[in-house]
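J.: My request is simple: use the sequences and hints to build the entire structure.
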Amino acid sequence: MSELKFVGKSFKRKDGPDKVTGRALYSEDVKLPGILIGRVLRSPHPHARIVSIDTSRAKALPGVKAVITVEDTKGIKHGFVETPRYPADQEVLARGKVVHVGEELAAVAAVDSFTAQQALELINVEYEILPGVFDPEKAMDPEAPKIHPSHPKIADKEPFSNIGGKTECGWGDVEKGFAESDYVREDRYESQLRTHGYLEPHVTLAHWESDKLNIWTSSMGTFVKRAKLAKTLDLPYSSVRIHKTYVGGTFGGKIDLYSHEYCAARLSILTGRPVRIVASREEIFSAYRHSQPLIVEVKTGVKNDGTIVAQQLRVINNAGAYRGSGVVVVFLAWGFTMAPYRCPNLKYEGYSVYTNYTVRAPQRGHGCPKVRFAIESQLDMIAEALGIDPITIRLRNARQPSEDLPNGDNVHNGNLPECIRVAAEKSDLLKKYGEARKSPQTGHIRRGIGIGVSAYFGGSLIYPNSSGVMVKMNDDGSAIVLTGAIDVGQGAETVICQIVAEELAIGMEDVKIISSDTDTTPQDIGAWVSGMTYITGNAARQAAGNARAKLIQVASEQMNAPVEDLWVEDKAVFNRQNPQQRMTYDQVFAASVATHRGDTIIGEGFWRTMRDVPTHPSLATTKGRWTENYAFSAQVAEVEVDIETGEAKLVKALTVHDCGFPVNPALVKGQVDGQVSMAMGHAFMEEVITRNGYTLNPNWLDYRMPTIHNMAASEDADVITEEYRVGEPYRTKEVGEGLVSGILAAMANAVYDATGVRLYTTPFSPERILSGLKKLEPSKTTGVRDQQSPEVL
Amino acid sequence: MILYDFDYERPNTLQEATALLRQTEGKARLLAGGTDLLPNMRVQVLKPTMLISLGAITPRPPQAELDGSIRIDALTRLADLENSEFVRREIPMLAESAHVVGGNQIRQVATLGGNLCQETRCLYLNQEHDYQFTAPCYKRNGDCCYPFPGNKPGTCWSVYMSDTAPALIALSANVDIIGEAGVRTVPAETLFTGNSLEPLWLARTEIISSVVVPPIPTGFGWGYHKSTIRGGLEFAMANIAVALWLENDRKTCAGARIVVGAVSEGPLRALATEKSLVGQVLNADLLWKAADDASNEINPLPHHGFTRNYLNENIRVYLRRTLITAFERAYGMDA
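Chains as they are written, first to last, in my numbering: chain X, 1 to 793; chain A, 794 to 1128.
Treat the hints loosely; a few may be bogus.
Cβ pair distances, simulated, as ranges [as the list claims (entries may be wrong)]:
1. A/Arg-1101 with X/Ser-239: 56 to 66 angstroms
2. A/Asp-860 with X/Asp-29: 18 to 28 angstroms
3. X/Lys-153 with A/Tyr-797: 16 to 26 angstroms
4. A/Gly-896 with X/Ile-129: 36 to 46 angstroms
It is worth saying that the hints were derived from the structure and are not from the lab. Values in this document were obtained by computation on a predicted structure and should not be read as measured data. From the three backbone atoms N, C-alpha and C, an ideal C-beta is built for every residue, glycine too.
T.: So this is what it looks like as structure tokens:
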């Protein structure tokens, strides 16, 4: 086995030159003749019955080519989840009533933006206002306004209103566990509404031509888009083609079907002309999907040495006005609870509650940061109460390599204890921890350190479940890779190229990728279940290996040497027994065509996670396998807090992660830094401010994402637990979204370490920190002279 | 996208611009950097029938007058102000206040005059009203107030957020205004009406042509701070400009100006506190007390998600720090 030349190396991104020179084509850059501008009419009310919609004046306006309402659709529903328990629940345009501000009621296609805007203003909608409900716990009240009926399976047993779904599971006996515990505590944590912050807005161009619907849309998975568009339009999949475009960021917010995508398609079918709809940033903030604010109530019982005996969680998700991914988050919150630490007795229940907010989407981490913020904060509080340090209590409970999980999964080589040990050592946490809270301190800045731990899944069984890849050899020995994988900025194309280059022993420049086009590339899972490097990557490895085997077979016949003696290097097959004997790929290709009845050497590969598991786990009970790839991480944050103003910032982050094997270390590092930055926004800055379902800060100015100047020093270290061997399946793990979690918890714990203020709600705003400080020591923030005053004073 | 039609003119002189303003009966707006005007047109807070671009007029560079005052053309880009060695040396507080505006791209086009003439801001106001907040508020000539529903009719509590205005007031600057009757000169602080519906005492046919900063007194020190969440690309939570000048003993306060912006309809001065400092031998306790007194004098409007309570605290702490910095500079510790 030769040394690795491509995999494990920090190759430059394949898409880099296109993007930095402005050549990359995004959906809005695609120009077609005769294009019409589409616009969507949105609800001005959070909850109202639609008495009537009159589009006649809009239709009569010169320049307007089509106007649609729900009456112009087939009435086929769609949903983020479509299972027997949770069937599709959302129409593409509102029917009968609107349930959130900004809900789509109608769409127009016109010759220009000006006319489209006028057309929207000419649509007359009569509403009967209904009472709205925005707080999930209030929405659960039996007397609350009913947005939708509670799920029938829950309504039978529980009196709550507006329950979209529930996950309930556990093991052992928590009551017994709490009784046997030496120390039990119960806390409640809450999180704010955050958005994804992708720079490219939602953009869709649809063109119906010759009985074929061509779509260019900013997405995270073209095959999911095809499935949902074809379904709602009642077209065969073969009539819908989603083209590849570059994507300007998604972070979870561009999966599932969006109403504007359907509207662009339907308007194009009706007019026979291309129709483009671009969402404004304000629409994205006030009408599109955000992350899901969770209330997490945790009760934990431990032995005196910190060993967790029992844990009980009640999670309530403010899930917005349709089911969205709300029921998935309350399932995942269970997984993110149980994965890092052993817990012999667990009781978990998670409610997904309808409120009159916009529908929710996954966001990088999909519930994990909120769950880890809760559990890791509480674990530090427990450790302090028991007189144990934050490292010891985590090592005491961390799952060991090869451990079986209660759901039937196995940790395999995952090594959380090693992540924790390395993090403790590299950050010198135990030496620094508690320093700021020792008196006396001078000045108004306090520095604190904290740790958080997390685990994330890498790939699960969600449609379309598997990835296929084809590798076509060219007659000059280079290769074309056909993959459905979509590069949303994470570097999928670069990673796949590295794998194919490695397996075929050709250069990176010899590999050309054709990707994410539903008509020309094989089906792919898409960039949304944290499994692309593992699943699509293994399919690419297999496809390239398959082509290599064909090359070797032909060469073996030509060279009259046994296949076992032949191997590949530098675009050639050679005889290991006699390295002088070799055939270049172009020679082999020619020989294959000549002697194998024209075989042009095409390799095929396919991969699926948990290959022998029939389907995904139950969202309601968690029964079934979840994943075969657990990525673990321990992250340390150092923060500075101004104790007079409550202003806090992250100054240093350390991420120690077990990503299995880094195929491209620079891309891994990019993911780490991006997640630290995103978690910093979660911790200190970002919040979609709402009032009664209306959004108050629908712009980049008033929704404050961190800038490059806010970014803290971010270091990382891999705990390598896997190997890559050419020709063999490999196991890489998730590294693209789980790392927003431990660091968030670490920041909460570091703020506590700096100030003694324990925060239960994100973001850790200056006001929250200052109010916590005032409760601790009312004199400290108002009466003490700054010790750094000049001598002259 | 600005979805309505308007006219556009590009005069060569301010006189021509004022003539155009008169012709359009005040329904036109001046376009300098456009960083405040154009977003306001997009969300239709402003709907001028004509834009009068001042792009053809080249600003004169900042220059010292015979009496030692410094004249700055209102069309001076904020970037030119913050990067001017002359301004940084002579009136560093103004350079600093220009430096903290927006981000570099904004400052490359935004002008000092435009920064002074910016519209007041409110979360409800500064967004499109296609389906959110469709009923116009007082500021949009309607009859409601979203953030303060109990407000008396016609009372708007949007806040004036210029970062340079508090610095100019602390510097006792004057502004020259060109109008029909010629040029009038007024102190910068008298520009503000205290009414967010029409925040400036400036007729629609008038143009601020320049800002004049009077000679800096001896023994002068300044402090400036802009409170934000992320330190850039952001309007202020509050901004604070403090000027102190000392007698020849370098201890006794000869004069003080304490200005807090971004928390009200216009910049606020802590006049009583300023007065109480004059004639006092300054020390830390006194400045500490002055900060408390000044923050009690300032009554901030809750805005952009910040509570009155927290704004009070933030202002109090940064008044302390800016007053101490100003005193250090006046004393000469900050060479």
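J.: With reference to the structure, classify each hint as holding or not holding.
T.: Hint check results:
Between A/Arg-1101 and X/Ser-239 the beta carbon distance is about 59 angstroms. The supplied range of 56 to 66 angstroms therefore holds. A beta carbon spacing of about 58 angstroms between A/Asp-860 and X/Asp-29 contradicts the range 18 to 28 angstroms that was offered as a hint. Take X/Lys-153 and A/Tyr-797: their Cβ atoms lie about 52 angstroms apart, and the range 16 to 26 angstroms is violated. For A/Gly-896 and X/Ile-129, the hinted distance range of 36 to 46 angstroms is satisfied, since their beta carbons lie about 41 angstroms from each other.
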